[in-house]
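Protein chains: 4
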Amino acid sequence: YGKNTIKFLRVHREGKKHFVKEVEVCAHLRLTSPQEYLEGNNCLVIPTDTIKNIVLVLAKKNGIPSLEQFAIDICNHFMTTFCQVAYVKTYVQEVPWRRLHEDGVPHIHSFICVPDGIRFCEAEQCRNGPLIVFAGIKDLKLMKTTQSGFEGFYKNEHTTLPERHDRILCGELFCKWSYGECKDFDFDCIWKKIRECILEAFAGPPDCGEYSPSYQKTVNSIQMHVLSRVSQVQVIEVVLNNTFYNVVDMKNLGLTNDKEVLVPVEAPYGSCACTLGRKKFFEA
Amino acid sequence: YGKNTIKFLRVHREGKKHFVKEVEVCAHLRLTSPQEYLEGNNCLVIPTDTIKNIVLVLAKKNGIPSLEQFAIDICNHFMTTFCQVAYVKTYVQEVPWRRLHEDGVPHIHSFICVPDGIRFCEAEQCRNGPLIVFAGIKDLKLMKTTQSGFEGFYKNEHTTLPERHDRILCGELFCKWSYGECKDFDFDCIWKKIRECILEAFAGPPDCGEYSPSYQKTVNSIQMHVLSRVSQVQVIEVVLNNTFYNVVDMKNLGLTNDKEVLVPVEAPYGSCACTLGRKKFFEA
Amino acid sequence: YGKNTIKFLRVHREGKKHFVKEVEVCAHLRLTSPQEYLEGNNCLVIPTDTIKNIVLVLAKKNGIPSLEQFAIDICNHFMTTFCQVAYVKTYVQEVPWRRLHEDGVPHIHSFICVPDGIRFCEAEQCRNGPLIVFAGIKDLKLMKTTQSGFEGFYKNEHTTLPERHDRILCGELFCKWSYGECKDFDFDCIWKKIRECILEAFAGPPDCGEYSPSYQKTVNSIQMHVLSRVSQVQVIEVVLNNTFYNVVDMKNLGLTNDKEVLVPVEAPYGSCACTLGRKKFFEA
Amino acid sequence: YGKNTIKFLRVHREGKKHFVKEVEVCAHLRLTSPQEYLEGNNCLVIPTDTIKNIVLVLAKKNGIPSLEQFAIDICNHFMTTFCQVAYVKTYVQEVPWRRLHEDGVPHIHSFICVPDGIRFCEAEQCRNGPLIVFAGIKDLKLMKTTQSGFEGFYKNEHTTLPERHDRILCGELFCKWSYGECKDFDFDCIWKKIRECILEAFAGPPDCGEYSPSYQKTVNSIQMHVLSRVSQVQVIEVVLNNTFYNVVDMKNLGLTNDKEVLVPVEAPYGSCACTLGRKKFFEA
Chain A
9 YGKNTIKFLR VHREGKKHFV KEVEVCAHLR LTSPQEYLEG NNCLVIPTDT IKNIVLVLAK
69 KNGIPSLEQF AIDICNHFMT TFCQVAYVKT YVQEVPWRRL HEDGVPHIHS FICVPDGIRF
129 CEAEQCRNGP LIVFAGIKDL KLMKTTQSGF EGFYKNEHTT LPERHDRILC GELFCKWSYG
189 ECKDFDFDCI WKKIRECILE AFAGPPDCGE YSPSYQKTVN SIQMHVLSRV SQVQVIEVVL
249 NNTFYNVVDM KNLGLTNDKE VLVPVEAPYG SCACTLGRKK FFEA
Chain B
9 YGKNTIKFLR VHREGKKHFV KEVEVCAHLR LTSPQEYLEG NNCLVIPTDT IKNIVLVLAK
69 KNGIPSLEQF AIDICNHFMT TFCQVAYVKT YVQEVPWRRL HEDGVPHIHS FICVPDGIRF
129 CEAEQCRNGP LIVFAGIKDL KLMKTTQSGF EGFYKNEHTT LPERHDRILC GELFCKWSYG
189 ECKDFDFDCI WKKIRECILE AFAGPPDCGE YSPSYQKTVN SIQMHVLSRV SQVQVIEVVL
249 NNTFYNVVDM KNLGLTNDKE VLVPVEAPYG SCACTLGRKK FFEA
Chain C
9 YGKNTIKFLR VHREGKKHFV KEVEVCAHLR LTSPQEYLEG NNCLVIPTDT IKNIVLVLAK
69 KNGIPSLEQF AIDICNHFMT TFCQVAYVKT YVQEVPWRRL HEDGVPHIHS FICVPDGIRF
129 CEAEQCRNGP LIVFAGIKDL KLMKTTQSGF EGFYKNEHTT LPERHDRILC GELFCKWSYG
189 ECKDFDFDCI WKKIRECILE AFAGPPDCGE YSPSYQKTVN SIQMHVLSRV SQVQVIEVVL
249 NNTFYNVVDM KNLGLTNDKE VLVPVEAPYG SCACTLGRKK FFEA
Chain D
9 YGKNTIKFLR VHREGKKHFV KEVEVCAHLR LTSPQEYLEG NNCLVIPTDT IKNIVLVLAK
69 KNGIPSLEQF AIDICNHFMT TFCQVAYVKT YVQEVPWRRL HEDGVPHIHS FICVPDGIRF
129 CEAEQCRNGP LIVFAGIKDL KLMKTTQSGF EGFYKNEHTT LPERHDRILC GELFCKWSYG
189 ECKDFDFDCI WKKIRECILE AFAGPPDCGE YSPSYQKTVN SIQMHVLSRV SQVQVIEVVL
249 NNTFYNVVDM KNLGLTNDKE VLVPVEAPYG SCACTLGRKK FFEA
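Residue numbers (our numbering), protein chains in the order written: chain A, 9 to 292; chain B, 9 to 292; chain C, 9 to 292; chain D, 9 to 292.
Keep in mind that the hints were calculated from the coordinates and are not lab data.
One or more hints might be untrue.
It does not matter which identical chain is meant; a pair holds if it fits inside one copy or across any two.
[To be verified] As a list, the in silico SDA-like pairs of lysine to any residue whose alpha-carbon atoms are at most 25 Å apart:
#1 K267 <-> P114
#2 K163 <-> D81
#3 K15 <-> P123
#4 K69 <-> D174
#5 K146 <-> E274
#6 K267 <-> E171
#7 K184 <-> D111
#8 K29 <-> N254
#9 K146 <-> P123
#10 K184 <-> A281
#11 K200 <-> H109
#12 K29 <-> H173
These figures come from a predicted structure and were not determined experimentally.
My request is simple: use the sequences and hints to build the entire structure.
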């Protein structure tokens, strides 16, 4: 049980310059005994209202040095304060406020919301177990208008899809990775580097791109690129929900449409997921 | 990988009387080899477009006798047709069309959408493994205005919640259960019976209700009631996302508010989940 | 300016039997002077926080006899209390809680949310002007599987739609009507009667239906039926956003699909709106 | 009647460099005769499917030089092609694709979706009337963490809001303006300039900001700034839906919270709208 979507804004001031971090926190606990379920005995139950208070108090006391550090702080607090807690899991998601700039000059206290991929993290811990930290990005929408195809696939009597060597590749990415021993990591810096790797692997070189023979291969390229460039990442999961763009057939309208006008097909959509680690892998 | 939200309407006609089933299907596969991820070799890949075609063809040929039977049909088709499929998982969700009635008379071909709890099911199978069938209901919003409290909970310096012996209990339920050997089940009939059990356990007897000492106990009561009344259910998971209703303090406005005007607190919300089986249990 | 989505629950108790009304209120004002906009002088501004308080106080004092009466009460309060208010507009929308029944027996304090068309109303008044009351229903989704066609329409070189004399008619209805002099109306009873009229006009007789030659004609039939049966309605606006269902072409899959499997086309969708009064009309 | 959410992607290629414009178009017509409503006579009705085809054909033939020009093209086409059209209104909204950059180098064919304010426009025309063009921005979320207050407002027995001279100002902006004679306008350039004006007026100078005594005054400042800097704008409407941030009272938790931890109050929210023209004004 736990509390979801604990939303708050943490303002930090350095003289007249203000810094903001608005987050949404979910914190879930499992107790050592299920007596509240079976007997309605609440004596060990930490109310979800108290969970909320603790999250706010930690934000006040420690600030939010990074999403990951804040998630770790919450886990540590529950494990060290309550012996009836058997397991704690924390999820922290950021509202993407960016500092406003006017003619290139940063504003001291004004911000704009720019949701081009949402940063999140998770931390979880079983009593007597290690603290595990995940980080990720979601709702990251990318498109490339060429250097993508899908050919040589399996065919039978239910196949109507034509082969294509030049199609639009468009989708929403969800990436989540785990860190190993994570003492003294610069989580902000690592996260930015991984985001860059994802964009590079998706798009390829700026002057020519890189051919993608399938969504699956693009997912794998992203994973390989991140694992090879960011040593702190142990395992990376990528889900790519793709939007298919249909070239409008304009023959009946007396026109030739050379892939200039395309219609997005939002449902159904394809989905492709893979989890890749450093030595073992499995896909789902 | 797979195809999500394959939406279609299946119309069945008996003379002038029409029957409709509109569903949303997700079908996911795992292949025996990951070569399409690693090498970009698509020769075993069944395109998600073909997956969609197969779902529509099965709906045309077999109809949708029940959501569960349709999910089973899809799993069977993939397992028997494609030897490269190692695992298949199908999710089917229903659009809640109900036949219109005029003065109590059912209309032969007109329907109204009544979303008071969405029915869904899942079927999954590994090659050489058993076919596992789940069914469930989601987005079921219930409220009781008394016979609910929360007292005797754990307190420390972060506790500000007062004890309450008469509060509003309101939440959105998600229930999902698994069937054991499921040959010749009347899935529609069982589903309706389980829905009734959930409502009974939540509300208690119509003339007096039943006291709930916590969300956790209500979740457990629902599970116990379903397991005791419906022998086909093996394991049942219940998630209750509750909306807290705050009694508005009207002292500053010169009024006494005897729990007559309450404001819903939508974020943060508490969540409470439990999975209960016939012999073992664990909560999360 | 004003306050939107003031949400609250009003509980009314008669002995052990409870009645609930959960609503969402928007209240907007225009002041006689724009000085707060031009000069930043707030001395006449009623804070939106005060607006919220007033709505809650009125709910506490008067209850919610009907949505319409409550909207009227709010308008009256602002007009009689604040001479700086030049115009007030109130919107009230209901959360569709229905009493739970167990084996046909109504439960004294348990409710289920059944969103099969949302009831709303509006009241507005200019200083020295009449109080105008509107009521309506929205998000009402209806379908008929036959007795609908579209033929004989205008054609030119951009027309690719075939004529159809038997198609699915499916859409989401928004209806809003105004009352004339509205003293001593039984708003609940009238609203229910209008809802019935809408369903009847959409579906036709239960044993055979009624042919619809276009969405436009169905919209008009609904309006004519309501105006002829409910004398209190002065003007009625109907918007029908229709979902087109495409019969899946299965020739390439070796099958004949006799309108048994259809795929909903959610975007783009057609929309058709008309406002009809007792003597004059205009469509948009 | 008309067609809503006609979504498509227009790709333009200059050698290996690609340009994309993805839009959502709504096109509505009113015919000179209402006979399709009254008599079910469809002979003048242009099917919404044809409307969709026309929009796609115009995109293919003309491209989308700017949203506004495309909306104008659609209006012109309907007015000149169909004499039965009495009125046409077009709405065009953009999916905010931005070119990807790697180390500052623009990518030739890869894009990322960055929804920091959505651009839209409208064009409407009555037969024998002028063509009127509107443009706008919506879903623009801005925040300033100081230089905002609300004092000196009207008080009575329902007032509980304290006066504040230093609060968070946060809200979602909707701005829509009309152009006068709009031949040969550089719509893209003007739109960018107006967006800059909005940000400047909201935030004030980057090194100190500018005090806002109310949401109303901020709305007015935005309007005055746009009207004074962009001569092509005739009338500008601004709606500011504000999110209130509540400073968490931590006294019971033994802490002093100097506006460091704040909780957003998403419902109810205040709303403030004003329409301002060059000579006349009115607020709502």
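Now the hints, each set against the structure:
Taking the shortest alpha-carbon separations for K267 and P114, only the inter-copy value of 22 Å comes in at or below 25 Å, while the best intra-copy value is 41 Å. For the identical chains of this complex, K163 and D81 are inter-copy neighbours only, at 21 Å across copies versus 53 Å inside a copy, given an alpha-carbon limit of 25 Å. In this assembly of identical chains, K15 and P123 lie within 25 Å of each other by CA distance both inside one copy and across copies; the values are 17 Å within and 21 Å between. When the C-alpha separation of K69 and D174 is checked against a cutoff of 25 Å, the pair qualifies only between copies, where the shortest distance is 22 Å, while the shortest distance within a copy is 55 Å.
Proximity of K146 to E274 under the C-alpha cut-off of 25 Å is found in both arrangements, the shortest distances being 18 Å within a copy and 23 Å between copies. Taking identical chains as interchangeable, the C-alpha atoms of K267 and E171 lie at most 25 Å apart only when both belong to the same chain, with a minimum of 15 Å there against 29 Å between chains. In the homo-oligomer, the alpha carbons of K184 and D111 lie at most 25 Å apart only across protomers (24 Å), although the nearest pairing inside one protomer, at 36 Å, exceeds that limit. When the C-alpha separation of K29 and N254 is checked against a cutoff of 25 Å, the pair qualifies only between copies, where the shortest distance is 15 Å, while the shortest distance within a copy is 40 Å.
Taking CA atoms no more than 25 Å apart as the test, K146 paired with P123 passes in both settings, with 10 Å inside one copy and 14 Å between copies. Taking the closest pair of Cα atoms, K184 and A281 come within 25 Å of each other both inside a single copy (11 Å) and across two copies (24 Å). With identical chains, the CA atoms of K200 and H109 are at most 25 Å apart both within one copy (20 Å) and between copies (14 Å). For a Cα distance limit of 25 Å, the shortest separation of K29 from H173 across copies, 22 Å, qualifies, whereas the shortest one inside one copy, 44 Å, does not.
Comparing the model with each numbered hint stated earlier shows that all of them hold.
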